[in-house]
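Engineer: All chains, please: the whole structure from these sequences, using the hints.
Residue numbers (this note's numbering), protein chains in the order written: chain G, 20 to 257; chain U, 20 to 257; chain R, 20 to 257; chain H, 20 to 257; chain Y, 20 to 257; chain D, 20 to 257.
Possibly wrong hints are sitting among the right ones.
If several chains are the same, the list does not tell them apart, and a pair holds so long as it fits within one copy or across any two.
[Said to hold, decoys possible] Pairs of lysine to aspartate or glutamate, DMTMM-like flavour, derived with a Cα cap of 20 angstroms: (1) Lys-93 x Asp-63; (2) Lys-131 x Asp-96; (3) Lys-241 x Asp-230; (4) Lys-90 x Asp-198; (5) Lys-131 x Glu-53; (6) Lys-90 x Glu-64; (7) Lys-186 x Asp-198; (8) Lys-186 x Asp-157; (9) Lys-41 x Asp-196; (10) Lys-131 x Asp-28; (11) Lys-41 x Asp-63; (12) Lys-90 x Asp-157; (13) Lys-240 x Glu-214; (14) Lys-94 x Glu-170; (15) Lys-165 x Asp-63; (16) Lys-93 x Asp-196; (17) Lys-186 x Glu-231; (18) Lys-41 x Asp-23; (19) Lys-257 x Asp-211; (20) Lys-90 x Asp-63; (21) Lys-234 x Glu-214; (22) Lys-131 x Asp-211; (23) Lys-131 x Asp-63; (24) Lys-240 x Asp-230; (25) Lys-94 x Asp-63; (26) Lys-124 x Glu-166; (27) Lys-257 x Asp-230; (28) Lys-50 x Glu-127.
If you are wondering where the hints come from, they were derived from the structure by calculation, not from laboratory data. These numbers were taken from a predicted model, which means no experiment stands behind them.
6 protein chains.
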Amino acid sequence: MRKDGRSCDQGRPVQIIRHFTKYAQGSVLIKTGETAVLCTAMIDETVPSFMRGEERGWITAEYNMLPSSTKTRKKRDRNGKTDSRSVEIQRLIGRSLRSTLDLSKLGERTIKIDCDVLQADGGTRTASITGAFVALYDAIQWLLNKEIISENPINCFVASISVGLFKDVPILDLCYDEDSQAIVDMNVVMTDNNEFIEIQGTGEQRPFSQDELEKFLFLAKKGINSLIADQKSALGIK
Amino acid sequence: MRKDGRSCDQGRPVQIIRHFTKYAQGSVLIKTGETAVLCTAMIDETVPSFMRGEERGWITAEYNMLPSSTKTRKKRDRNGKTDSRSVEIQRLIGRSLRSTLDLSKLGERTIKIDCDVLQADGGTRTASITGAFVALYDAIQWLLNKEIISENPINCFVASISVGLFKDVPILDLCYDEDSQAIVDMNVVMTDNNEFIEIQGTGEQRPFSQDELEKFLFLAKKGINSLIADQKSALGIK
Amino acid sequence: MRKDGRSCDQGRPVQIIRHFTKYAQGSVLIKTGETAVLCTAMIDETVPSFMRGEERGWITAEYNMLPSSTKTRKKRDRNGKTDSRSVEIQRLIGRSLRSTLDLSKLGERTIKIDCDVLQADGGTRTASITGAFVALYDAIQWLLNKEIISENPINCFVASISVGLFKDVPILDLCYDEDSQAIVDMNVVMTDNNEFIEIQGTGEQRPFSQDELEKFLFLAKKGINSLIADQKSALGIK
Amino acid sequence: MRKDGRSCDQGRPVQIIRHFTKYAQGSVLIKTGETAVLCTAMIDETVPSFMRGEERGWITAEYNMLPSSTKTRKKRDRNGKTDSRSVEIQRLIGRSLRSTLDLSKLGERTIKIDCDVLQADGGTRTASITGAFVALYDAIQWLLNKEIISENPINCFVASISVGLFKDVPILDLCYDEDSQAIVDMNVVMTDNNEFIEIQGTGEQRPFSQDELEKFLFLAKKGINSLIADQKSALGIK
Amino acid sequence: MRKDGRSCDQGRPVQIIRHFTKYAQGSVLIKTGETAVLCTAMIDETVPSFMRGEERGWITAEYNMLPSSTKTRKKRDRNGKTDSRSVEIQRLIGRSLRSTLDLSKLGERTIKIDCDVLQADGGTRTASITGAFVALYDAIQWLLNKEIISENPINCFVASISVGLFKDVPILDLCYDEDSQAIVDMNVVMTDNNEFIEIQGTGEQRPFSQDELEKFLFLAKKGINSLIADQKSALGIK
Amino acid sequence: MRKDGRSCDQGRPVQIIRHFTKYAQGSVLIKTGETAVLCTAMIDETVPSFMRGEERGWITAEYNMLPSSTKTRKKRDRNGKTDSRSVEIQRLIGRSLRSTLDLSKLGERTIKIDCDVLQADGGTRTASITGAFVALYDAIQWLLNKEIISENPINCFVASISVGLFKDVPILDLCYDEDSQAIVDMNVVMTDNNEFIEIQGTGEQRPFSQDELEKFLFLAKKGINSLIADQKSALGIK
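Structural biologist: Structural data, given as structure tokens:
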């Protein structure tokens, strides 16, 4: 039994609120337990200079924690040096979303994803991916509705969840207290076909075996399937 | 008659949601029409080095717009250079809140105010001050409830509103479309005793006369009184 | 009676030296009591990218204190972060000068104002505006003399002065010692028609009343009229 | 058959030169095919402030590519913003090395790892980990030989290698040309007990299945075992 | 005959105005022809951390050109990257002044030199050294007069001048037009004993011979002797 | 007799390894005693914007010390502020190399020199110049061989060495221990015609006389002639 009463293979309750703000073409507030992230997708009718003329689109992502999102106030990245953890996370978000799309169907434009963490209780990077996919979906629907693009570039749904080893037991969807004591920490990004987009696993306190890896991936699949059901439900897709 | 149906001396509807996030001692989401700002107050048990040993507290404020808060995505301040408009605004917020307190009753600690704009439709700086005061109030109640301080340092309530000259008519509480075409733009910070904490008026398109100034201040007083009533109502004070 | 023998409604002696350096089209050393600021205006035959094609000119301003201008040496802004007080001041200078001009008569060019404080004894921002207007006037005369522009874009003269409440008495043109103890501090920017370009008033130690505000503005008008007479005398205009 | 004649499950020839420079306590030039990285370990008798008094040591790592290490000259990180790919890599190197040690046996000191890429032909991050472990080993021997520490903090050997899917075939140890066209790219960090320290796999062009994952891990194990044999041989351990 | 009527071995007229501003213990405006530099010396009762406890003083120098000091406006160093030419010059100024002093007689304090160029017409670095020495002299007199130090740390006078090869003729004290076309450019820092503190000579368009070097040094000596006479005259020393 | 057994007029053994890395058109590892510098020359088919259309080429240089190149680890220049000593040195390297070329024969392209110090034991800037010239020579041969340019722009060979006064004796080619105690320190850049490209001499502990200067230059000539012989030998030129 876990601190918040969940079983080992149980994720936290998820809430996905679309159209949370009005300017972004996709704007989603995702809550996973006590973690809350505002994920927006804004369309920019240019591509980075190294891609001009290639007739393909691009997705960029930025991740940021608000100063008040953590127990001890987090300083803003205003000294010209983006926090290195944020850099790592936003690269992961960008890669994960790009790999779900046929970028040539997007045309020469960029969709800019922003994930701003309002409240952090573990799993902010995985919630960011899960929420940002919904915002991206809405932004692409906007392009289709306006007939700016004619074919849907989305190949599959994508969501992300954490798994880990806590007191030598594999568990799903770690909250902050669990995460900070985890022996192994793994983030998995998967599609609705149960295929992997990204696996990042780290032995924090000791290495882990192939056998343990298989248990983590089994839990992750269960969690991802549930999250993708939540995404589809929020989007009104059955 | 204004675009959104208001009369010239009518402010926008205000919503003040306390305890919006859980880590900050004060956390307020304020909505003024379509403008939404998350205002938090976090207590830090130190003071800046130049104040050590003076047995007084301090208030600092940071103001920031989320990238998705504006129609065209706003770049983050990650190049080491805080946007100059943000610098000006956060100095105003800090000064306004400090002047409502007896800092010697706060003890040697800092209350750090963060105003993060989620959605901007004019009046973000005035909404920040009005909302941040409520967050500050909650943080100070927290200190009093925990018996960390024994006397309430708050001398008065403070709120802020904009006034301006639009198509040669003085109006209250400008939305973005009005603000961007205003002939004169003025932000007023006042107390519940109808006294001024700060007046900042700018002739954007032409200078303004003493007579016009008096009309602006009359409107501002009306708006501030209404905002302070909203603050007290949110705090359950009659 | 004030420390330097002035009465409450008396400004400090002003000296305006034109052509202080040779490269800028306008170059003015202004001394107000012990405060000395070098104000220059240099013409740049481009406008910021967001204004291209609008057939209007622009004015930008930078404000800086030399390290030796203050009692304790002031560090240079070389760490990539302009001092926030400087940011606020240079925005004020730019706004104040722009509002005196018909920018469409200036053509697509920028006049760059630099205000470098050589010695600071209070009132550096107001002296900067008063001196920079004379430098701007000279730069515009240069454009007219060279027949680069055909119509004078200047609509009015502008000058600036501080007023404040010191030991509960309203006084004009505060020196540093007065400013650092002022109860209320206000900077006023006015035209030669006695209209306001900018009012910035702050209750430093306590809020101030409408009645006090009127006294401040009365003093400011007196001071501004005297400064504009000094500007016209330096420019040989009667 | 691969471009350089290797079979799919064959790594590149490895050369590990110890004592390449003289000041660092560990200094290793590692060459993996055409990739060359200088890995150094320098002892610093302090720990970061957040760890003081904990009686544990720390490992930090920095990764950098020399401007001439790539076909097109790479700009130096001198604008105050470390290249985001470098940030991600140096965090991986630090985590991987820390997890091989019992940090409490290191005492309150930091070992600073620097990985400077002299020539890049794919696999610079995995070569950095493999080489840096040898430099770390030498630095720890130095501490043991000087009797600064009494117990060896090293729990296991660690090495790293890339695997990937190239033209739909799983291959080991990708060179740059293979890496830039890989369908799936995975970096694996393992111990000499065949346990995982870190797995980072990315579907670059399409998601990958559980079955493919198993093939990648099988190849990785083979490669790691060979690299650890190379490390032991360079260190004169049988 | 040179453009401004000088002979080849003739320096420009020099004006040294002491006490130009009031806060710095030494404040000198030096004019060399059309070049004008404000050189100040401010006493700071600390030394850099690496020198604490050594019972020696230190001299630091900063060099900066005001934006309006050059024909085309020079951007301020506000992007966090000091102009590389300024870095080179301020290191030269610091070294030159330090070598004239017995730093142990200065006590554990720093004299901070600031050289701010108000108008640049060639020779700003040499004018900075010549003027800064006088400011340093005044600051040290101030320390002696206040009996903060008991022995004069100054071992010798120091001044600096440029020499160069212009249209194949060696000339003294180059103005900007000469400097920008010089074949060889050399800056010499010398004492009143005709000994060298620093020689920096560069073949800009071609290498130069030993014979030419001797001619340059002969001219430099002549110029330095005249400058030191100017310094002594300004200081009232015969 | 010197610490390492050399006589006063004897330089350290020199090793020049060409083609040390494979991407740069010129890539040289130069060792001078215990000092080792990787000097590369990479061709960039553009020139800085201020030179476009002038039909001349350009040479830029960057100098950097690896963190592990010094006894105490040297921090990387990642805070946005290049170490001021590095700035000074890279300007010297650039100037020295440019003055050996007829830049109009290079065409509108830039050769980018990088000098990365692998191990520092005094004389890194002079070794950088000596090694970088060989890398530049190779890059220019590459351009000639590919028939991208038709005429050789190199006018002369250039090398550099340090001289100094150590315990009142003039010595050649100072190692770190000698350099850190030198009374006078001088770096000389000369051609194979025994002409000067650059002389930079500094009286570190006391001024130096004309007589001493002549002794330094005599030693420098001897050292340079030997270095140029080493360069020619490495290049297979007799």
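Engineer: Give the relationship of Lys-90 and Asp-198 under a CA distance limit of 20 angstroms: within one copy only, between copies only, both, or neither.
Structural biologist: The answer is within: 15 angstroms in one copy meets 20 angstroms, while 37 angstroms across copies does not.
Engineer: Classify it for me, Lys-165 with Asp-63: is the Cα-Cα distance of at most 20 angstroms met within a copy, between copies, both or neither?
Structural biologist: within (15 angstroms within a copy, 43 angstroms between copies)
Engineer: Between the shortest in-copy and the shortest cross-copy C-alpha distance, which are at most 20 angstroms for Lys-41 and Asp-196: within, between, both, or neither?
Structural biologist: between (34 angstroms within a copy, 16 angstroms between copies)
Engineer: Tell me, please, which holds for Lys-186 and Glu-231 at an alpha-carbon limit of 20 angstroms: within, between, both or neither?
Structural biologist: Classified as within: same-chain Cα gap 13 angstroms, cross-chain 30 angstroms, threshold 20 angstroms.
Engineer: Between copies, within a copy, both or neither: which fits Lys-90 and Glu-64 at Cα up to 20 angstroms?
Structural biologist: between (39 angstroms within a copy, 14 angstroms between copies)
Engineer: If the cutoff is 20 angstroms on CA atoms, where do Lys-50 and Glu-127 land: within, between, both or neither? Let me know, please.
Structural biologist: neither (32 angstroms within a copy, 36 angstroms between copies)
Engineer: Could you place Lys-93 and Asp-63 in one of the four classes (within, between, both, neither) given a Cα distance threshold of 20 angstroms?
Structural biologist: between (30 angstroms within a copy, 12 angstroms between copies)
Engineer: Within, between, both or neither: how does the pair Lys-240, Glu-214 come out at a Cα-Cα threshold of 20 angstroms?
Structural biologist: Only inside one copy: Lys-240 and Glu-214 sit 9 angstroms apart there, 22 angstroms across copies, limit 20 angstroms.
Engineer: With 20 angstroms as the alpha-carbon cut-off, assign the pair Lys-90 and Asp-63 to within, between, both or neither.
Structural biologist: between (35 angstroms within a copy, 11 angstroms between copies)
Engineer: Could you figure out if Lys-90 and Asp-157 sit no more than 20 angstroms apart (CA to CA) within one copy, between two copies, both or neither?
Structural biologist: between (32 angstroms within a copy, 17 angstroms between copies)
Engineer: At most 20 angstroms between C-alpha atoms: does Lys-41 with Asp-23 qualify within a copy, between copies, both, or neither?
Structural biologist: between (34 angstroms within a copy, 17 angstroms between copies)
Engineer: Please sort Lys-186 with Asp-198 into within, between, both or neither, judging by C-alpha distance up to 20 angstroms.
Structural biologist: within (11 angstroms within a copy, 38 angstroms between copies)
Hint compliance for this structure: hints 5, 8, 10, 14, 22, 27, 28 are not met, and every other hint is.
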